[in-house]
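Fit chain V to the known structure of chain G by using the hints.
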Amino acid sequence: MSATHISNSTVPAEQLPTILALDKQFLSEQYAPLNRLLNLALILLICALGTALYFQPIINLPIDFLHALPYIVWGVAIFGFINTWYSYACDQVKSYTLRELDLHYSSGLFFKNVVSQPITRIQHIELKRGPIERKVGLATLQVFSAGGDMHTFQIPGLPVATAQQIRQFILQHKDVVKHG
Amino acid sequence: MDNQSDLSTGNQINPATKLQDTDDWQVLSPVAILYFTVSVFKHLFGNIIYLIPVLVVSYKSVLEHPLVWLPAISVVFVLLTLFAFASFKVYRYRLTEDNIEIRSGIFSKKHLNLPFSRVQNIKIEQPIYYRFTGHACLQLDTAGSAKSEAKLIAIKLDFAQQLKMQIQSQVQTDTTATRQHNMSTSTAELTTDAAGDQKYKSQQEKVLNQRKLSDLVIHGITSNRIWIFLGGLAPFYDNIFNAISEWLSTLGIDLTELFSLQTHSLFEVGLYVLSLTMLVVLVLVGFSVMGAIVSFYGYTLSKLDDKYIRRSGLFTKHEVSMRLSRLQMIVQKQDWLDVLLKRINLKFEQTNAFSQNQDSSATSNKIIVPSIKVAESQALIDDAYTNNELNALICSHGFSAISKRFILRNVVFVLMPMWLIMISGAIRNNNLIAVLLISLLFAGLCALVVLRWKRWGIARDEHFVYLRKGLIGVDYYCFPTHKVQQTQFKQNLLMKKRQLATVKFVLASGALKVPMIPERLAYQLIDESLYQVQSCQKSWM
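As you go down the protein sequences, you meet chains G and V in turn.
FYI, numbering that gives the first Met the number 0 numbers position 4 of the first sequence as 3, with every residue one higher than the one before it.
FYI, numbering that gives the first Met the number 0 numbers position 348 of the second sequence as 347, with every residue one higher than the one before it.
Here chain G stands alone, though its shape is the one from the complex (with noise of 0.2 Å):
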């Protein structure tokens, strides 16, 4: 261990690169929307369910539950509605930043977040498209490192093409195909 001796200590903190300044890019401009319409969608499902629930005639439902029933609905409805703005405008705050040698995200209105991945510690890379993605074109691009399961590096809502060039740049980097 004492033998490995990297010259790397000339550069000053003032010249590291830092992620206080990253060129972010933005997600598709269909994802914010399209996120917005599968909540909203929900919402809606939800609402519908519960008001058939309440005046359909085939199943008996304790009384108390029925009285309850209209507030919880209602309560879902604004509740929803409130969590569906919210989430639009965190989405579209939602950025990613592809650095030479590191992967950054960054999210968050009030509770802003960055993950910045390294590319020399990435294990495997998955690319998602659920059915709905696919209709629109998007992808989402997961980045796996050891650091488990709970740590996936996730970059949501890309336009596929994006997506498989941000892979071909990852699995062709010199640290992916190198080092351990």
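Hints listed in this document are in silico derivations from the structure and should not be mistaken for laboratory results.
Quick caveat: nothing in here was measured; it's all calculated off a predicted structure.
Glycine residues also receive a C-beta, built at the ideal position from the N, C-alpha and C atoms.
Some hints could be false.
Said to hold, decoys possible - So the derived list for chain V, only partly shown, Cβ under 8 Å to chain G, looks like this:
hint	residue
1	N98
2	L111
3	L506
4	Q533
Unchecked claim - Derived BS3-like pairs (lysine-lysine); straight-line CA-CA distance at most 30 Å:
hint	chain 1	residue 1	chain 2	residue 2
5	G	K111	V	K496
6	G	K173	V	K122
7	V	K503	G	K127
8	G	K173	V	K496
Only chain V this time, still in chain G's reference frame:
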């Protein structure tokens, strides 16, 4: 068996040429459907356990309507088989010179890339139903995650072996190249380096540490095994108490009589309670000491070349070995009793990923040295990480503290609301004792928050990051900066206003967080660790 090998060699004229020709997307052999079907059903029956209570409850009514459940079950079976067939249909794999690609998924499409240089473990699996066809599954493990590793299903057995050899040789050349590059000891430990082990055997093992029985007694007393034990017994409390009171009454002692305030004074009852608790605690500590002795009897920690070996155990002898290069982080733990007795539990942690699929014992991925003295601990840390400054930092209090706003945040935003709600409830009921108790609890929790704040600190030097953390006890974490897998920077609007931020380091052995440090320090920490990781080119294992 002879038949099969004949068959498979007949199919493949020359496996070596075949390997190079697989640059196109390959379809699996139809035998793979069998595997998919089996795994689908395995999955289903794995989950059916949760349904069993429902089935048991309603099984009479279920049995009464065979016209309902017979078609239902057959529909489910058909659907699952279709699902398995579709999984087979969409599965494609491609082998290029240095990586493997797998496309799968019916609804959600997945496209996986796995560079051979990142493969940590290769396993050939032959399910019983593949023995007749000579097929096998090749499982490639990366340390990336526990479950979603790559698996080639239903390939010919000798092709699988061929592939395994090829990938392993590639990993090996890669690592030797790395070794020549920076003379580091970071070798990927392959399953096939038995030959290397033989060579090392001739060298002498150096014993680094041994634990005496007295140390183990101390460890038993200080470690919190008692609470684990109590927790495990929780469902049986009722039975135990009944059994004990029965046993006591056969001895002529009546518990209800003993603790009755009508026949005895408050002082007397208090004394009984106290002595009884003491007795129980004594018994439990006894168990804890016994536990420590059983698991750590004859403890030796030795070093053979770059490998740490831990041996211990009274009945079953355990041996855990770990390459120095696999060591991710050293943790020096001190509980409040340890602080009083000046003892330390030292932990050498390696990656979590392997323990899950290799060894059932949860402790096997770390080497723990129980209840050692401060100097011994420092010697061990220095042995593993030369030029670390943990000891100097501890002595000089060189850790930068986290912001005092940590106290404010936790007290005002977390504890205060709970306290207010509970206390308003108690006041409404005119329950003054409850008010007092709740306030006392609140004050105690606030004190704990202050302690937590006081313990939390971070320091760094050229090669290492040091972290101090704890509540009543103190824990020190030390890891080489280049072992970082990922960093996270967190900041909410309030923190931004005060220029504070939270940093999370993700290592292969787990994540470490430092909350509410100055924003500038946070950026520095992240930028520097990223730079270290990228510039030093050392492997993380």
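Problem - List of violated hint numbers, smallest to largest - result: Violated hint (a single one): 8; every other hint is consistent with the structure.
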